[in-house]
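**Q** In case you want the letters, here they are:
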Amino acid sequence: MSLDHLFSAASFLAMAGWLALLASPFTPKWSNRIAAWIVPSLIAVVYTALMLVHFSGADGDFSSLDGVARLFASRPVLLAGWLHYLAFDLALGAWEVRDGSRRKLSFWWVLPCLPATFLFGPAGFLMYLAVRTLVPRRQPAMAAA
Amino acid sequence: MTRLAFAALALLPVLALAWLLDPRELLGVSVWAKPIKFAAGFAVYLLSLGAFATFIDPAWRKTGAFRWPVIAGSAAIVLEQAIITLQSARGVGSHFNAATAFDAALYAAMGAGSLALLALAPVVALGLARHPGRRPIDDGMRDAIVIGLWMTGVLTLATAGTMAVLGSHRFGAADLRVPHFLATHSMHAVPLIVLALSPFHVLRRQGVLAVAAIYGVGVVAVFVQALSGNPFPVPISWLSHG
Chain F
9 MSLDHLFSAA SFLAMAGWLA LLASPFTPKW SNRIAAWIVP SLIAVVYTAL
59 MLVHFSGADG DFSSLDGVAR LFASRPVLLA GWLHYLAFDL ALGAWEVRDG
109 SRRKLSFWWV LPCLPATFLF GPAGFLMYLA VRTLVPRRQP AMAAA
Chain H
17 MTRLAFAALA LLPVLALAWL LDPRELLGVS VWAKPIKFAA GFAVYLLSLG
67 AFATFIDPAW RKTGAFRWPV IAGSAAIVLE QAIITLQSAR GVGSHFNAAT
117 AFDAALYAAM GAGSLALLAL APVVALGLAR HPGRRPIDDG MRDAIVIGLW
167 MTGVLTLATA GTMAVLGSHR FGAADLRVPH FLATHSMHAV PLIVLALSPF
217 HVLRRQGVLA VAAIYGVGVV AVFVQALSGN PFPVPISWLS HG
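As given, the protein sequences belong to chains F and H, one line each in that order. Counting from 9, one number per residue, gives the positions in the first sequence under the working numbering. Counting from 17, one number per residue, gives the positions in the second sequence under the working numbering.
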């Protein structure tokens, strides 16, 4: 099992998770199970195994940008870093969907935040924060403008 | 204890994947062999203790006399597994490793922890013997579990203690982990033998004591044979390595 195989497998899983989130207005429980728990856990198992195997042998540390650059010079640790993004961006996307649903936000407002979170994690998070703060909750009767 | 067992089992897929991905070896086997064996072993130990504990009076199980040893023993198991896993991740040994001050400190912590986790067996034995609950169990079976647990405690202390003193599991051509394995599994062997005999003859305390004595003598015999420096007569390749 090569690093490239693991990369492909994880990408496929993450994609499946994001697609599940797109389906969440129809299948909220399963979309959440897949995107918040199942896929992130699977990716996390691979991440943990990679770090157990390769972190001690990698040069570098978290104390400076140069230190981090040296860490990522190790290809397995780089893959682990990428898996970290994949897992957590997806878990965050699932939270955005759950939070939007709890706040009775129309899914149309949450929807664009999802690819933003998928591609540019923290930027998507900021976008969702803005939506969450500024978009009024759905009112049963017409609200004043 | 049962929930901690499931946590130990949950660790196994991660460790198995690490084993698949890691080329590093120690003493001829993957660095991940030991963490995997210990996680599986701790799971079996905890599941067994948890099952046996269901026959103890639930009221007594809430008292400090039970809860404190269980908390200490459980914490010790977490610590042991963490240290063994960390050392494997670092590519070095865990037991007997005194290469650096850090390694020696970890090994010392493991020693203290192993006593705490071994103490779980006699604690459950005492609970079963002195504070039985209302869940039905044959007197003979309960005696078998109590005696088996005590034997696990004493015989594991003897076999593991010897390895600690020697600083290795090797003694000449012998592998002391063989008698150690038989010692730790007294808590399973004695009840299982009594259970297997029960369709033919339901044993009472004397019969159980006889079974336990035979098993115990067997363990001691294997131990003495190992201390002669010769390998175990039956080849068990997955337990002993070159």
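It is worth saying that the hints were derived from the structure and are not from the lab. Cβ coordinates follow ideal geometry from the N, Cα and C atoms, glycine included. Any given hint might turn out to be false.
In silico SDA-like cross-links for lysine to any residue, where the CA-CA straight-line distance does not exceed 25 Å [claimed, not checked]:
hint	chain 1	residue 1	chain 2	residue 2
1	H	Lys53	F	Phe15
2	H	Lys50	F	Ala131
3	H	Lys50	F	Ser16
4	H	Lys50	F	Phe133
5	H	Lys53	H	Lys78
6	H	Lys78	H	His147
7	H	Lys53	F	Leu50
8	H	Lys53	H	Leu142
So the derived label-pair ranges between C-beta atoms look like this [stated by the list, open to error]:
hint	chain 1	residue 1	chain 2	residue 2	range
9	F	Asp69	H	Val94	23 to 29 Å
10	F	Trp117	H	Lys53	51 to 57 Å
11	F	Ser71	H	Ala125	23 to 29 Å
12	F	Ala131	H	Gly177	55 to 61 Å
13	F	Trp38	H	Gly234	33 to 39 Å
14	F	Leu11	H	Ile87	40 to 46 Å
15	H	Ala125	F	Trp116	36 to 42 Å
16	H	Leu25	F	Trp38	41 to 47 Å
17	F	Asp12	H	Ser184	38 to 44 Å
18	H	Ile230	F	Ser64	26 to 32 Å
19	F	Pro123	H	Thr79	45 to 51 Å
20	H	Asp155	F	Ser64	27 to 33 Å
21	F	His13	H	Leu28	17 to 23 Å
**Q** It remains to establish, for every hint, whether it holds in the given structure.
**A** We went through each hint and held it up to the structure:
1. H:Lys53 / F:Phe15: violated, 29 Å
2. H:Lys50 / F:Ala131: It is violated: about 43 Å lies between the C-alpha atoms, which goes past 25 Å.
3. H:Lys50 / F:Ser16: violated, 30 Å
4. H:Lys50 / F:Phe133: violated, 42 Å
5. H:Lys53 / H:Lys78: violated, 31 Å
6. H:Lys78 / H:His147: holds, 12 Å
7. H:Lys53 / F:Leu50: Distance ~22 Å between H:Lys53 and F:Leu50 Cα, so the pair holds.
8. H:Lys53 / H:Leu142: violated, 28 Å
9. F:Asp69 / H:Val94: 23 to 29 Å: holds, 26 Å
10. F:Trp117 / H:Lys53: 51 to 57 Å: Distance hint for F:Trp117, H:Lys53 holds at roughly 52 Å.
11. F:Ser71 / H:Ala125: 23 to 29 Å: For F:Ser71 and H:Ala125 the Cβ distance comes to about 27 Å; the hint holds.
12. F:Ala131 / H:Gly177: 55 to 61 Å: Given about 59 Å between the Cβ atoms, the range holds.
13. F:Trp38 / H:Gly234: 33 to 39 Å: Once the Cβ atoms are compared, 54 Å apart, the range 33 to 39 Å for H:Gly234 and F:Trp38 is violated.
14. F:Leu11 / H:Ile87: 40 to 46 Å: Taking Cβ atoms as reference, F:Leu11 and H:Ile87 lie about 41 Å apart, which means the hint holds.
15. H:Ala125 / F:Trp116: 36 to 42 Å: violated, 56 Å
16. H:Leu25 / F:Trp38: 41 to 47 Å: violated, 25 Å
17. F:Asp12 / H:Ser184: 38 to 44 Å: Given a distance of about 41 Å, which is inside 38 to 44 Å, the answer is holds.
18. H:Ile230 / F:Ser64: 26 to 32 Å: This hint is violated: roughly 47 Å between Cβ atoms.
19. F:Pro123 / H:Thr79: 45 to 51 Å: violated, 57 Å
20. H:Asp155 / F:Ser64: 27 to 33 Å: Because 53 Å falls outside the window, the suggested range is violated.
21. F:His13 / H:Leu28: 17 to 23 Å: holds, 21 Å
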